[in-house]
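> Taking the hints into account, I'd like the entire structure generated from these sequences.
Quick note: to get my numbering, add 2 to the position in the sequence shown (first position is 1).
Hint data in this document are derived by calculation from the structure and do not stem from the laboratory. Check each hint, because a few of them may be wrong.
Dumping the calculated DSS-like pairs for lysine-lysine here, alpha-carbon to alpha-carbon at most 25 Å [to be verified]: (1) Lys-62 <-> Lys-4; (2) Lys-202 <-> Lys-178; (3) Lys-122 <-> Lys-178; (4) Lys-122 <-> Lys-55; (5) Lys-198 <-> Lys-178; (6) Lys-26 <-> Lys-178; (7) Lys-26 <-> Lys-5; (8) Lys-202 <-> Lys-126; (9) Lys-5 <-> Lys-178; (10) Lys-202 <-> Lys-5; (11) Lys-4 <-> Lys-126; (12) Lys-4 <-> Lys-178; (13) Lys-26 <-> Lys-202; (14) Lys-55 <-> Lys-126; (15) Lys-4 <-> Lys-202; (16) Lys-62 <-> Lys-26; (17) Lys-55 <-> Lys-26.
Computed Cβ-Cβ distance ranges for the label pairs, DEER-style [said to hold, decoys possible]: (18) Ser-105 <-> Thr-44: 17 to 27 Å; (19) Glu-72 <-> Thr-164: 31 to 41 Å; (20) Lys-202 <-> Asn-60: 35 to 45 Å; (21) Asp-84 <-> Asp-203: 28 to 38 Å; (22) Met-3 <-> Asp-203: 39 to 49 Å; (23) Glu-72 <-> Val-146: 18 to 28 Å.
Just so it is clear, CB atoms sit at the ideal spot from N, CA and C, and this is done for glycine as well.
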Amino acid sequence: MKKVAFLFSGRGSLIQSVINAVDKSRITAELSVIITNNIEFTSSSNPLFLGRKVNMVNHKDFSSRSAFDEHIAGILRANQIDLVILGGFRRIFTREFAMEFGSITMNTHPSLLPALPGDKAQQKSLDMGLRITGATLHFINEEVDAGPIIDQEPVRIYNGMTENDLRQAIIEVEQKMIYRAILSFLDGNLMISGNKIIYKDYMNVQNPE
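Written out as structure tokens, the structure reads:
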């Protein structure tokens, strides 16, 4: 059975796409591990988390980034995780973590990379007066927001849009990308070649039902 882990720092809004993909996968898979470093998170704030174990790991409890990353790595190893989804997980992993787990760790980013890497991409898009931004799903590597790009979709910015409006619009796009990417990965339909992603059969990449 393929095992998927989901890591987040906010409300965990993107978990729906992970649950849908795992439930609909043509091969046996399960959402085995959920980790958050948001100490204010409660499962009651999102009914999708009810009945699911959420590992609370406060990064402030660790003496260094390396110690925090090693703790996360230990959880992933112990559960023999096949795929990691970072859904709004606001931590930069160390080089050692990226080298071990980069080829199975997908990260969402609220811009069309390589444009606007790093934090606060939504507000930067608004401040710059962009008319189109978007979302990127990529594997992680040793550089911030520079790993092989799995999928991208544009999001139009309308007059009067607030940062929250834009965030919600991007989340809707990210949900679809995560769903498609999980199915493609679990089905063996994508592979990393250098810093690029190759789909073995792009026409079979599925959209959410």
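> What are the numbers of the hints the structure violates, in ascending order?
1, 4, 8, 11, 14, 16, 18, 21, 22
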